[in-house]
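*Asks:* Full structure from sequences and hints, please.
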Amino acid sequence: MEHLRISSDLLRGHTDTIILKLLLTGDKYGYDICKRVHADSQGHYELKEATMYSSLKRLEQEGNITSYWGDETQGGRRKYYSITAKGKQVHAENKMNWEHAKRILDALI
Amino acid sequence: MSGKLETYLNEVFAPYEELSQMRELKEELLHDLRERLTDLQTNGHSEEEAFHMTIDSIGDISEMVENITAQTRQLQQIVGMDFSKSNLQNSDFKEIAVHDGKFNYSNLQGSDFSFSDLTNSSFKCSNMERTLFHCANLTRAQFVKSDLKGATFKDCLFDGTVFRFSELGGVCFDGQRFVGAVFDYSGLRKTSFRGAHFLHVSFKTDVKKAIFDGATMDKATYALLRSYKADLSNVTVI
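Line by line, the protein sequences give chains A and B.
The first sequence begins at 1 in this note's numbering and counts up one residue at a time.
The second sequence begins at 110 in this note's numbering and counts up one residue at a time.
Simulated from the structure, these hints should not be mistaken for lab results.
It is possible that part of the hints are untrue.
[As the list claims (entries may be wrong)] Cut-off 30 Å, straight-line C-alpha distance, at most; resulting in silico cross-link-like pairs (DSS-like, lysine-lysine):
| id | chain 1 | residue 1 | chain 2 | residue 2 |
| --- | --- | --- | --- | --- |
| 1 | A | Lys28 | B | Lys135 |
| 2 | B | Lys203 | A | Lys57 |
| 3 | A | Lys28 | B | Lys338 |
| 4 | B | Lys318 | A | Lys48 |
| 5 | B | Lys317 | B | Lys299 |
| 6 | A | Lys57 | B | Lys299 |
| 7 | A | Lys79 | B | Lys113 |
| 8 | B | Lys135 | B | Lys263 |
| 9 | A | Lys48 | A | Lys95 |
| 10 | B | Lys299 | B | Lys203 |
*Replies:* Shown next as structure tokens:
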């Protein structure tokens, strides 16, 4: 169990980038993001709602994403998130930083 | 079961119902959790099981709330600072008497208000990091949307003093006496009230991480703190 917890801490540090990547392929709402993280990681990583919303609100405040309420009539309103040009740039930079860090870690570990 | 989710969220968000940002977040979260609950039940989990799994999927809700309200507070302070005309950093206000003084939208970082009389004065949207308040009279003084990180309060008079939407994380109020004071919607993460005395004090905010060891308080203050889930294991009720 212990090693699983540590790897999830490592993943949590990249929540912003994970969310930005998902939004590159289209606008999404909260639960949709959680589901896709679970599916794309083949069930290995469960993004907690608390972690996700902290990240979404931060990304919005930094101007990396914007949000709007959907017009669903059934089952309550959904709030959708959409990536901005600045967000796309931040995603590209973070991805590059990660590739760089990965190369260093691969050589060191 | 969906009603039970709503009740659960209402309870968690109760201290923040005046913040529109938090009301919206509650609505989003409720929508997500309902969908998750339905999915889990469709996948064969029992109602009870699905409910607990759904609640578990939220994670550390108090950390999220704290992060978001702290961001809101910071933003409001930055907006306020844009109008700032008075950069009063590290100023010496020792022993001044300014009843009804206005220190709004000011940068007061590191300023010293020791032995001052600030009755009825207001501090709105101000940067008050590391300010000093030794033996200050803060009767009915108002600190609204101000950042008081690293501020020092010693032997002050807190009679009807108001702290609203202000950042007081880590500040030490040990042994101080508060009468009719207000701490609503302020950040009290690791704020210390060890051995403090409270009479009719309002704490409509997250107090789970505030420290009340050895404090004494009246029944009303105690009841309010308890409803906001403060740690009151070492508190005397008078």
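*Asks:* It remains to establish, for every hint, whether it holds in the given structure.
*Replies:* For each hint, the structure was consulted:
1. A:Lys28 with B:Lys135: Distance ~18 Å between Lys28 (chain A) and Lys135 (chain B) Cα, so the pair holds.
2. B:Lys203 with A:Lys57: Distance of about 41 Å is beyond 30 Å: violated.
3. A:Lys28 with B:Lys338: Judged against 30 Å, a Cα distance of about 34 Å means the pair is violated.
4. B:Lys318 with A:Lys48: holds, 21 Å
5. B:Lys317 with B:Lys299: holds, 9 Å
6. A:Lys57 with B:Lys299: Since the Cα atoms of Lys57 (chain A) and Lys299 (chain B) sit roughly 23 Å apart, the hinted pair holds (cutoff 30 Å).
7. A:Lys79 with B:Lys113: Judged against 30 Å, a Cα distance of about 22 Å means the pair holds.
8. B:Lys135 with B:Lys263: Cα-Cα ~38 Å, so violated.
9. A:Lys48 with A:Lys95: holds, 22 Å
10. B:Lys299 with B:Lys203: holds, 28 Å
Comparing the model with each earlier hint shows violations of hints 2, 3 and 8; every other hint is respected.
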